[in-house]
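In the order they appear, the protein sequences are chains A and B.
Its first residue numbered 1, the first sequence is counted upward by one per residue in the working numbering.
Its first residue numbered 292, the second sequence is counted upward by one per residue in the working numbering.
If you're looking for bench data, these hints aren't it; they were derived computationally from the structure.
There's no promise every hint is true.
[As the list claims (entries may be wrong)] Quick list of the computed label-pair ranges, beta carbon to beta carbon:
| # | chain 1 | residue 1 | chain 2 | residue 2 | range |
| --- | --- | --- | --- | --- | --- |
| 1 | B | 347 | A | 156 | 32 to 38 angstroms |
| 2 | B | 293 | A | 25 | 17 to 23 angstroms |
| 3 | B | 306 | A | 158 | 28 to 34 angstroms |
| 4 | A | 86 | B | 449 | 24 to 30 angstroms |
In this text, a Cβ means the ideal position worked out from N, Cα and C, and glycines have one as well.
For reference, the chains in residue letters:
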Amino acid sequence: MRPPPFSYADPSTVDEALDLLAQHGDDATILAGGQSLVPLLNFRLAQPAVIVDINRIADLAYIERRNGALEIGTLTRQRAVERSAAVSEACPLLGEAVADVGHVQTRNRGTVGGSLAHADPTAEISAAVTALGGSLRLRSASAERTLTPDEFFVSNLMTAIEPGEMLVAVALPVWPAGTATCFNEFSRRQGDFALAGAAAALTFGGDGRIERAGLGLLGVGDRPFDGAAIASELLCGEKPSEAAVQAVAERVQSSVDPLSDIHSPADYRRHLAGVVTRRALQGAIRRGTSG
Amino acid sequence: MDNERNIDVTVNGRSHSANVPARRRLSEFIRDDLGLTGTHVGCEHGVCGTCTVQLDGETVRSCLMFAVQADGAEIMTVEGLADGGALHPIQEAFWQEHGLQCGFCTPGILMTVHEFLLENKGPLEEEIRHALSGNLCRCTGYQNIVKAVETADRLWER
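So that you can see chain A by itself, here it is in the shape it has in the complex (with noise of 0.2 angstroms):
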């Protein structure tokens, strides 16, 4: 279908776009990579009076090192994300999860903040930001704040962003030398929505102990699953060991709260969040481990 009709504006800095927000609230939304709101305007399940474009907002594209972060604006294609050395350096984890997202095709088009502010319960790079303990620096044309994913991340679709605000960055916590990652997804075919998936990282001391653990799980709720208060208590100040990631596992498939769908049944995302959460737990030790 086409999409219904709607204003456009395509502003060339951050202020003018917070400015046009500003005066149309909840009748203006931000157009950024628009791999997931083109389809909701040619389903029309979404009708916006206006649409802010941000592509031509050159100074919220950059993938930079800022005080002991990588910080990513948010119209970052995905596919830069993807070929970034400073991610691959700092943030591997990221790397690894956007490499999942969708295909290049849309990675192509697709931005990190995008994905974000889409709030898809199924998607990698929140699993990944919420692993890492990442924050969301969201401005309005009066008041700039910082949200953690708890706060930032509120259902299905849903965040924290208000009429009037917008997304700019996010910002990652480079963890410390002796860290391993691992993002592991399961889905039925190469670029579907995941069914489940997680992300982990890991902190190992020079003894060869678990010092700091993070771990995100995508698909397994009405938003990204932050599993990190279970994997600390059950793998920090330990060795890692194959009943300590079970107990994980199982731990994990006992606290998520999967939804049903026309995907996969409830039971069958619980059942996958104990296996992908071992899947990465078990790929970071491995690569945290192997010298």
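Starting from the known structure of chain A, fit chain B onto it as the hints suggest.
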């Protein structure tokens, strides 16, 4: 703010200037305004891949972009591959290997393979299948498409 815009785009080396409604998708602009019907439209939500074109050298779903967003860009469609009557080596390879049946998905596949082979020489079968995963074909079962990509890799001097 506008409900329509004047845009300048280069498509297959030819420049075009046109007034388009903001909601006109790039796929519609290419097919209906420019008459380049080689680009096909299937699912209209970015899944099937048949509307794939290249925007400034990168493959994109033309059903998921508005024509106004292509202002100033260089676009290549399937019509841009052949040199007059001479098939592009990728097309030649698809012809030789019978890499198509009904042909509906072929334009998108050719654009995808063009980008993929420019970035990869001598790809493994697994890499080819991965690269093709964003383009659905309901006739062939993909076997001959994979063979065609392998042949194109050999035929295309690049």
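Structure-based check of each hint:
{"no.": "1", "hint": "B/347 with A/156: 32 to 38 angstroms", "verdict": "holds (34 angstroms)"}
{"no.": "2", "hint": "B/293 with A/25: 17 to 23 angstroms", "verdict": "holds (20 angstroms)"}
{"no.": "3", "hint": "B/306 with A/158: 28 to 34 angstroms", "verdict": "violated (44 angstroms)"}
{"no.": "4", "hint": "A/86 with B/449: 24 to 30 angstroms", "verdict": "holds (29 angstroms)"}
Consistency note: the structure conflicts with earlier hint 3 alone.
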